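Under this note's numbering, the first residue of the sequence shown is numbered 1, with each subsequent residue one higher.
In short, the hints are calculated from the structure, not lab data.
Fair warning: this is a prediction, and the values are worked out from it, not measured in the lab.
There could be a bad hint or two in this list.
Below, a list of computed lysine-lysine pairs in the DSS-like style, where the Cα atoms sit at most 27 Å apart [claimed, not checked]:
hint, residue 1, residue 2
1, Lys170, Lys93
2, Lys170, Lys198
3, Lys93, Lys143
4, Lys198, Lys93
5, Lys170, Lys75
6, Lys99, Lys75
7, Lys99, Lys184
8, Lys143, Lys89
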Amino acid sequence: MNIIDLTHTISENMPVYPGTERPKLEVASTYKQNGFKETLLTMFSHTGTHMDSPAHLFFQGTTLDSFSSKQFVGKGLVIDCSDLRHGEKITMKYIEAVKEKVEKAEFILFHTGWDKYWNTSSYFGEYPYISEEITEYLLNSSKKGVGLDVIGIDPISDENLTIHKKLLSKNNIVIIENLTNLDKVGDDLFTFCALPLKFKNSDGAPVRAIAILDDNKQNFNLI
């Protein structure tokens, strides 16, 4: 079994959505003074590799803590669209190219390669984003979730969050943003886990996202 970490590390200097404060990691207790180390974490719920719930945009939307834990684990498929240029749409041709596998998947993850810009100003640029046709496909396909290796599922210029609203208003699908290492997963189905921090009335939360690949080995390879 091969386990691939798809999660960016939270740090004080990490990229955050424009207008959001960066997280703070303050040492609250020390080995010398207290005999142990403890860190006070202060951050917004949509920091780093994170998950959006319907409650992110809608008052009556489902919160992450209301979901069954089954919502966060399932068959995943990475779709390679890293050939796209800045600001181009991910169209249905990428779905159609692997349609048989897509039908079996519960989570669709789009690999744009944008994670290479993490910790640079380019990360907030014109990244690829999903088209209206893919949004409609997701709404009608009963998937558990959709994820990308970019900072938002909408283009950075869309302050109305059009795609977010379409997906989250009519479905209990979740959105995972700021994934990384999707290029290491391959093009076969795998077990995807994205477990959000569980807090009351959570509109979103950081996740530890991993891919579990069955390579017929008895040991674990950690990446």
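> Can you give the numbers of the hints that this structure goes against, from lowest to highest?
Replying inline: 4
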